[in-house]
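As you go down the protein sequences, you meet chains A and B in turn. Following the numbering used here, the numbering of the first sequence begins with 7 at its first residue and continues without gaps. Following the numbering used here, the numbering of the second sequence begins with 7 at its first residue and continues without gaps.
Treat the hints as calculated values from the structure; they're not laboratory data. There's no promise every hint is true.
Each pair may be met inside one copy or between any two copies, as identical chains are not told apart.
[As the list claims (entries may be wrong)] EDC-like mimics (lysine to aspartate or glutamate), calculated; alpha carbons at most 16 Å apart, straight line: (1) K46 with E29; (2) K28 with E79; (3) K161 with E29; (4) K141 with E166; (5) K161 with D109; (6) K28 with D186.
2 protein chains.
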Amino acid sequence: MAKNSVSLSVIRRLPRYHRFLKELLATGTVRISSKDLARKMRLSASQIRQDLNCFGGFGQQGYGYNVEALYQEISHILGLDQQRTAILLGAGNLGKAISQHMDFSSRGFTLVGVFDNNPALIGQQVGELTILDSKEIDVFCKAHGPSVAILCIPKDAAIEVADKLIGLGIRGFWNFSHYDLLLDHQGIVVENVHLGDSLSTLCCRLNRLEED
Amino acid sequence: MAKNSVSLSVIRRLPRYHRFLKELLATGTVRISSKDLARKMRLSASQIRQDLNCFGGFGQQGYGYNVEALYQEISHILGLDQQRTAILLGAGNLGKAISQHMDFSSRGFTLVGVFDNNPALIGQQVGELTILDSKEIDVFCKAHGPSVAILCIPKDAAIEVADKLIGLGIRGFWNFSHYDLLLDHQGIVVENVHLGDSLSTLCCRLNRLEED
Chain A
7 MAKNSVSLSV IRRLPRYHRF LKELLATGTV RISSKDLARK MRLSASQIRQ
57 DLNCFGGFGQ QGYGYNVEAL YQEISHILGL DQQRTAILLG AGNLGKAISQ
107 HMDFSSRGFT LVGVFDNNPA LIGQQVGELT ILDSKEIDVF CKAHGPSVAI
157 LCIPKDAAIE VADKLIGLGI RGFWNFSHYD LLLDHQGIVV ENVHLGDSLS
207 TLCCRLNRLE ED
Chain B
7 MAKNSVSLSV IRRLPRYHRF LKELLATGTV RISSKDLARK MRLSASQIRQ
57 DLNCFGGFGQ QGYGYNVEAL YQEISHILGL DQQRTAILLG AGNLGKAISQ
107 HMDFSSRGFT LVGVFDNNPA LIGQQVGELT ILDSKEIDVF CKAHGPSVAI
157 LCIPKDAAIE VADKLIGLGI RGFWNFSHYD LLLDHQGIVV ENVHLGDSLS
207 TLCCRLNRLE ED
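Excised from the complex, chain A in its bound form:
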């Protein structure tokens, strides 16, 4: 099966499997049936079997899944054993929170540079990094070759800077700019994060519950 034939919706569910397996490992669980895993994750057992079969299927009839083996395999599929380098653009409240709150290394990333164009922020420390002037991005990328950019900047700035960053070797965008960055470049991956969408969904679900 061609690697990219696995649907994006299956890939999006993998980190969740990974989290639940990590918790099972922490409680000393050695093996688990698809039925039990399904109950824990609020999925159907057939969904779980279907998802994991996309990658060759790890379960054994009558045994279930070996938790440690499945955890390691999903870690590998997710590429968490790699250490890609990432830069973050926009060191406002959100950028600072992302850079300090996220455990990048356990997710296959090292944050190597934080940039802003606000003179009041340039030179400030964010964790172990010093906020650099956005004007230095070109030189920095040529020297360090980061492959991922985290965009915590406004929409217009994100649109403006995306093509330039691709020219500098960026291949992945983690985009918080309140805007669906849709790049028509081959070989570029974008994950748009819309916190507002999640909050609106909560609002909608509460309304529907109350109206029912």
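Keeping the supplied structure of chain A fixed, place chain B upon it in accordance with the hints.
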């Protein structure tokens, strides 16, 4: 059709429709065909027709969608015209960023209280709010009756506090605690936000692209 028979995956797509329609409105677009909207949103036209039909269908054969009418209707379905009150627990980096970065009011919420148990944070200002001692939550909830809690606290604290908050009248949780809060209470809605899952997905997609 019973209101809750609309699937959660359709509801989750509504905020994205809302964002795209808002942009179309801003550019003065009066009407749009499902085909053109599909191209903009990178969905299929049939997906769009299917999604919007869940709510009665707003399009007209040969005309497409009236942008303003569809935008208003989706705003209403999302309940963005309401103003629910929300409290935020955990005023660390992430909590501060969420409370200052989010435009709550355009999403149907008013943030009325921010709480932490760290004496160094209590009394600090976050936007227009003063961080209160977590011990005051009971009294605060009884006085102000917030319906939503935003959890920017660690997993163990989230598990511990959730039931108590339900007892205090909280009906919706926006949960950033690195943990799938799965509450078995009728009439309670939880939106778990896992920023790490999104970053892991980006990592996985980059790997698969490179390996292909």
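inquiry  = Hint by hint, where does the structure go against what was stated? Just the numbers, ascending.
reply    = none
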